[in-house]
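Visitor: According to full-length UniProt numbering, the sequence shown is numbered sequentially starting from 1.
To be clear, the hints were calculated from the coordinates, so they are not data collected in a lab. Among the clues, some could well be false.
[Unchecked claim] Okay, derived cross-link-like pairs now, PhoX-like style, lysine-lysine, Cα gap no bigger than 20 Å in a straight line:
id, residue 1, residue 2
1, K151, K212
2, K151, K163
3, K264, K117
4, K315, K192
5, K315, K117
6, K151, K315
7, K117, K151
8, K347, K117
Since the structure is predicted, the reported quantities are computational estimates derived from the model, not experimental observations.
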Amino acid sequence: MTDASRADGDNDSSEDVRASSKSELTQEKADAAVKAPPAESPGRMVEVPEDVSHVVFALYGFQARRPEAAKQYMDQLRRLFAETQGPNQVERAHYIDSDGYHCDVLMAYWIGREEFKKWSDTASVVMWWAGLPADPASDVGFWREVMCTPKERFQHSTFIDKKAAIALLLPLVRSPHFGYTGSGRDRYAASKYDDFETPYADVPDAVVRASKGKRIRISIPDNIYFTREGQNWDSAVEADRAMWRESMEPVIGQWVEALQHEPKTTGSLSMRPCREQDLESGAEIERQSQFGFVISRRHIEHAARTHPTHLSLLKSWRAFSNDVAERARSGGIDSWVHIWVEGHILKKDELDAQYVNCHPRTGLLPYFVATEVAPDVSLCFE
């Protein structure tokens, strides 16, 4: 699903919301004003405290041909997370990428840039990252994608009073930015003065880099868009779970495949569909997330409103949610699927993307400027 659609609450519009210039941004605001927010908005957003300027979301990945081949390194990081100044929240997920690699991911949140820096600067953390092996004969690789995002360009939104991800750490409050064209963009406080435009008209051609045996940092342009989109069905009754599996999972899969394989039409740079796991045991839980980088917010807005697979997803979602609501009304059943979205709009110095001995199609490796770095290099936003 996508932040530019399901959680925006403006799905009935087929208009391509564009903001390629300040004048177009102004026009969008004017158009949005025609369709005002509902008097009682159903939407909720996290509220970041006034004394916090940034949120940090870090993805640490471990890839290998064989399941659990990198387990020892993931266990080491989990122990480091448990140290003083470790993250406020840690989660775990798994996926198999398009090259057949088993990929384990640890997701970590810090509320505040200074808190993250205290952890990342500790000697044990620096030594762990610097000591990861870059053995070209091995299929084990490691990566980190660490976002240090000003709160004005971050949002977490959902339609129900249910918490997940960063909302487990922050209050959820009602927001007026739902139910009208352009509401998704308005959830970013910086949209009042920033059009979030990319210097790229289109996704650049992917390149295959010699990445094995190397440590490579990717430098991004301004206004790369990152999204984490989550679905949780552990509070749905069996009938609703069955309908979710039959009617929603296939169309979500088709949209994800489009994002993975059609960068020119969707703007997508990297899309990882992950099944989430219990942090301790690694057992699957009834929750999934899709982690994606897109060339800009504008590109995904356009794709969400025009791509056939996403239009099909929206149609299926409306039917599914209406059926669930009707059964709840008629039978007094408390059943729901929790859909939520987090978005980051990143400037060039707000993402540290490093890849150690990874295969060349990992994450952002095929794009932008690549630099080979030393094992002990500092994060780019320090």
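Visitor: Mind checking the alpha carbons of K151 and K315 for me, to see if they're no more than 20 Å apart?
Guide: 32 Å, violated
Visitor: Please verify whether K264 and K117 have alpha carbons no more than 20 Å apart.
Guide: 36 Å, violated
Visitor: Measure nothing beyond the straight line between the CA atoms of K347 and K117; if it is 20 Å or shorter, mark the hint as holding.
Guide: Holds, at about 19 Å.
Visitor: Going straight from one Cα to the other, do K151 and K163 come out at no more than 20 Å?
Guide: 18 Å, holds
Visitor: Are the Cα positions of K315 and K117 separated by 20 Å at most?
Guide: 44 Å, violated
Visitor: Given the hinted pair K151 and K212, is their Cα-Cα distance within 20 Å?
Guide: 36 Å, violated
Visitor: Is the straight-line distance between the alpha-carbon of K117 and that of K151 20 Å or less?
Guide: This hinted pair holds, its Cα atoms lying about 17 Å apart.
Visitor: Check whether the Cα positions of K315 and K192 lie no farther apart than 20 Å.
Guide: 31 Å, violated
Checked against the numbered hints given earlier, the structure breaks hints 1, 3, 4, 5, 6 and satisfies all the rest.
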